[in-house]
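Student: Following the working numbering, the numbering of the sequence shown begins with 1 at its first residue and continues without gaps.
To be clear, the hints were calculated from the coordinates, so they are not data collected in a lab.
Check each hint, because a few of them may be wrong.
Only pairs whose alpha carbons sit at most 30 Å apart, straight line, appear in this in silico BS3-like list of lysine-lysine [unchecked claim]: (1) K104 with K127; (2) K102 with K127; (3) K54 with K127.
Label pairs and their computed distance ranges (CB to CB) [as the list claims (entries may be wrong)]: (4) E57 with L170: 50 to 60 Å; (5) S36 with V163: 37 to 47 Å; (6) V141 with Q169: 14 to 24 Å; (7) D124 with E39: 14 to 24 Å; (8) L170 with A42: 36 to 46 Å; (9) L62 with R106: 34 to 44 Å; (10) T26 with R58: 41 to 51 Å.
Note that beta-carbon positions come from the ideal geometry of N, C-alpha and C, so glycine has one too.
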Amino acid sequence: MTDENTNLNGTPEAVHFAPRLATSDTFQSLFQEGMSLVEETAVYLDGDGRTEAKLLERPASLAYATESMRLTTRLMQLASWLLLQRAVNEGEMSREQAGAEKNKVRLDRLSSASTGPAWEDLPDSLKELVNRSVRLQERVVHLDQMLYQDKEQEAADTEGNPVVAQLNQLHAAFGNAG
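Model the full assembly from the supplied sequences, consistent with the hints where possible.
Tutor: Below is the structure:
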């Protein structure tokens, strides 16, 4: 008799909590936060942000245009990922289908010039939205790695040396302790 954490040979297997996390209230909270940030940003850029941008000097105005484009792009990519994951959670698509679709989503960091004179001249509201979007992106990237990239790495590891596979799992769980 085996339980869900052992294989047919009775050998213990790693417990994968990422799929459980992705379907939990924590994901729902992350989803709501992401969608709210998209909406809040759209309202700001179409309203107060437009007014604030008109008051900026030329260098700050260019920085505003650049950062608002980066912000919008980042949020659209994050919203796409969140919607894909929600579709998986609701059974509308498989994790494999979402994995193929999410390859079109760019989660890598879009740089933001969070220092320097141009950044300092930007409206505080824009800077706050940029910072919040970067923090959200970091959380989504972390969850994405747990859900998809670690699974791909694990599949490659199980074909090789089982000791290396276990060491990689320990490294993934605890990172570099040194």
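Student: That 41 to 51 Å hint for T26 and R58 (C-beta), does it hold up?
Tutor: holds (44 Å)
Student: Is K104 within 30 Å of K127, Cα to Cα?
Tutor: Roughly 27 Å separates the two Cα atoms, so the pair holds.
Student: Check the following: the C-beta atoms of S36 and V163 are separated by a distance inside 37 to 47 Å.
Tutor: About 46 Å separates the Cβ atoms of S36 and V163, which means 37 to 47 Å holds.
Student: Is it true that the CA of K54 sits at most 30 Å from the CA of K127?
Tutor: holds (16 Å)
Student: Confirm or reject the claim that D124 and E39 have a C-beta distance inside 14 to 24 Å.
Tutor: holds (19 Å)
Student: Could you tell me whether the CB distance from E57 to L170 stays inside 50 to 60 Å?
Tutor: holds (53 Å)
Student: Does the Cβ distance between V141 and Q169 fall inside 14 to 24 Å?
Tutor: Given about 20 Å between the Cβ atoms, the range holds.
Student: Between K102 and K127, does the CA-CA distance stay at or below 30 Å?
Tutor: The given pair, whose Cα atoms are some 28 Å apart, holds under the 30 Å limit.
Student: Return holds or violated for the Cβ distance of L170 and A42 against the range 36 to 46 Å.
Tutor: Holds - the Cβ-Cβ distance for L170 and A42, about 43 Å, lies within 36 to 46 Å.
Student: Would you say the C-beta atoms of L62 and R106 sit inside 34 to 44 Å of each other?
Tutor: About 23 Å separates the Cβ atoms of L62 and R106, which means 34 to 44 Å is violated.
Checked against the numbered hints above, the structure breaks only hint 9 and satisfies the rest.
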